[in-house]
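2 protein chains.
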Amino acid sequence: MKVVKFGGSSVANATQLRKVADIVLDDPERKVVVVSAPGKRSSDDVKMTDLLIELAGKVIGNEDYDTALSAVMDRFREIIQELELSEDLTETIQKNIQYIISSHESAEWTLDALKSCGEDGSAQILSAYLQSKDVKAAYVNPKEAGIIVSDEPGQAQVLDESLEQLYKLHEREGILVVPGFFGYSKEGRLVTFPRGGSDITGSIVAAGVKADLYENFTDVDSVYCVNPNIVSNPKQITSLTYKEMRELSYAGFSVFHDEALIPAFKAKIPVCIKNTNNPQAPGTMIVAENEAGYGRVTGIASDKGFLTLYVSKYLMNREIGFGRRLLQILEDENISFEHAPSGIDDMSVILREEELYGEKEERILARIQEELDVDMVNIERNMAMVMLVGEGMNSTIGLASQATRAFREAEVNIEMINQGSSEVSMMFGVDAEGMERVVQYLYREFFE
Amino acid sequence: MKVVKFGGSSVANATQLRKVADIVLDDPERKVVVVSAPGKRSSDDVKMTDLLIELAGKVIGNEDYDTALSAVMDRFREIIQELELSEDLTETIQKNIQYIISSHESAEWTLDALKSCGEDGSAQILSAYLQSKDVKAAYVNPKEAGIIVSDEPGQAQVLDESLEQLYKLHEREGILVVPGFFGYSKEGRLVTFPRGGSDITGSIVAAGVKADLYENFTDVDSVYCVNPNIVSNPKQITSLTYKEMRELSYAGFSVFHDEALIPAFKAKIPVCIKNTNNPQAPGTMIVAENEAGYGRVTGIASDKGFLTLYVSKYLMNREIGFGRRLLQILEDENISFEHAPSGIDDMSVILREEELYGEKEERILARIQEELDVDMVNIERNMAMVMLVGEGMNSTIGLASQATRAFREAEVNIEMINQGSSEVSMMFGVDAEGMERVVQYLYREFFE
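Protein sequences, first through last, are from chains A and B. Read the first sequence against the UniProt record's numbering and you will find it ends at 448, with the numbers running on by one and no gaps. Read the second sequence against the UniProt record's numbering and you will find it ends at 448, with the numbers running on by one and no gaps.
Heads up, a few of these hints could be off.
Pairs involving identical chains hold if they fit within one copy or between any two copies, as the list cannot separate such chains.
Subject to a maximum C-alpha distance of 20 angstroms in a straight line, what follows is the list of computed SDA-like cross-link-like pairs (lysine to any residue) [unchecked claim]:
| # | residue 1 | residue 2 |
| --- | --- | --- |
| 1 | Lys210 | Glu161 |
| 2 | Lys235 | Tyr224 |
| 3 | Lys235 | Arg41 |
| 4 | Lys95 | Lys143 |
The set of hints was computed from the structure by calculation and includes no laboratory data.
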């Protein structure tokens, strides 16, 4: 059994939905389909979910919501009509939305429930379309499927009992279409996942049914080994491990939300990233282990927008607790840090630029000076991180040498090297100005 | 005016003291001399300070101390007789020791005061010897010189007012001989510095008199650029900066106690390491800044005996405060850490092996598991650190490439790289087994 998930661009309009149907029908193993809400039809279009959020805003604010509701229904109607489906479907979808609006629940729940209507509508439409092609298919509501989550609107986490109930989907016949993005609490209330949560649904369903494969259909042929904006026509990654995917996602690869895959990872379900617009392309496999790739660089991730907070103090390393106290100051301001290299008399903390600014920055600098009595504290902005990712990198002799050679040939100074914690990646800090150049040289070193 | 300090081996016996006198007289600028206690005359000899500690032990324990006292006095007497000085000197030294023994002060003070008799005796002897050669010279007790310290026996810190009073030494004529290792509290009580404190005295005196040069005479020609046990006949360092010296001292260079130099550093007094047994050799200069050396590797320090504490947890980087809490657990057990590289889902802490063992280790592992709910925690021992030191290293393109190439050629895997906090060093972690080999290849890369 395969579980197939289609992202927003794949269900944006009738044309795309026809491709989806073709893909599903192309492989009899594709039995469970998870769908997102209709995405943008063009680059200046609006996503369905955003239209629903606008609608929710009007409803919650007790304003006239007719225009907002029409915008939503027009989108659905357009798809339904192009697919030559019954107007009843449009009415069903509208009734559901109206029911939520009239329910007079809390603002939080109303927003959550309305947001979910995009995915729900997609699922109803796809199911009806498959039926119209004489295919045995059914829409399955998440509650029925067994997607039970914690009751945290917008932040729901799937509960373990969910997996057992999902397995029972094997007992049903035909193709099952499940809307992504939301589940139900134990008490039966609708709750949504964090944004991009259709990936989470797909992952959970794949884990629950112990799928042979979880196919994640999006709008790129594969995961690339480097940002295509920096290196044109880069090599495609044929396969990588869960760990490698997670590390790459961290610093710039945004094919999908890496945390969404965790249920699949835990259940060791293989994942394949494919392109709805080019379904014959092999795509990228994401697997638990990949012996063939051990010791090889799988991908190069890069991102700007980091800064270094640097402190120095004579005999810092004699003060047990100094590092901890510095981190405490950051934690008090709810700041998350990337890495904190320390030396004998100094320590740096690498942060994302948005973590430190304005008054917060002043407060932190003042606290560091007063509480830690440092000799010097300063902030250097405009740093970029470049990360080499690959299983077994930290046991591979010579890799660091190859990597640093690329930096030298690019004539870019390495401001920071972080190797040693992760078994799967090696992180470099450079001035943002040199980032693209260095990435190009690294690509040449490792992929050509 | 130059301040000259002689270490234990330089004042161990009459032969050495004659060399000391020759050195001092060789340069009329050498006006203030700081001396240690007599060191070992041969490799299985006992240092004077250890004899005094034994004596103190007997006295404090109310045991018969005659043999211990004789051992001390025999050493002094031997030197005094060989230098053909008056027996009165022996009596003076013995009276001073007896005075301390009979004073019935606290055990702490008694130990402290007896320990100081080695340096004090050396200073008296050298001063008398110079006088016997018709040189105007005087023994100057630290209280008289103005070495005022905090009242922490064995841990005394010099106070700022000390420097002002020391400057008045300029008003005195002749050569001034000051015993190292101890000072006096504001209340007039004798207090010793931490072990090796003659270096501290020399440094303080050099800062106080604003010396043109502080010459630190020991038993090696210079500071070597690498451990001579790993690379034979290594190049000598002609000059390095305070920062570089401090970093090198951290990981294995034990020419002297680097913290002792801090008063000289703060006052920007140039320091020169020289050899009593080869005083004409130029030695090694330690200075505030060294433009000529910028961007060059000055030395390679290396040390075994480290371990890595490794923890991993899915989504660790989303838990603000995780790193701080891990460090807190270590701090609660009074553990000092060297470096803590963190990744996305994992974090390592590099410790010296002696910090973690037995029950302490069990407690920490248990706390980490319970309080941080990690997926995995383990300890890897037998790690060695190799450190490249040099001002401007972190701004020098290509250095990391050169360094990592040496590792590759040595066929040693780099387990950890820490670059980015210190401007002056770059730290590598390797399995202890490969350390010497890698150091040899690094030496070849950077010094040949």
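- Item | Structure-inconsistent hints, enumerated in ascending order | Those not satisfied come down to hint 3.
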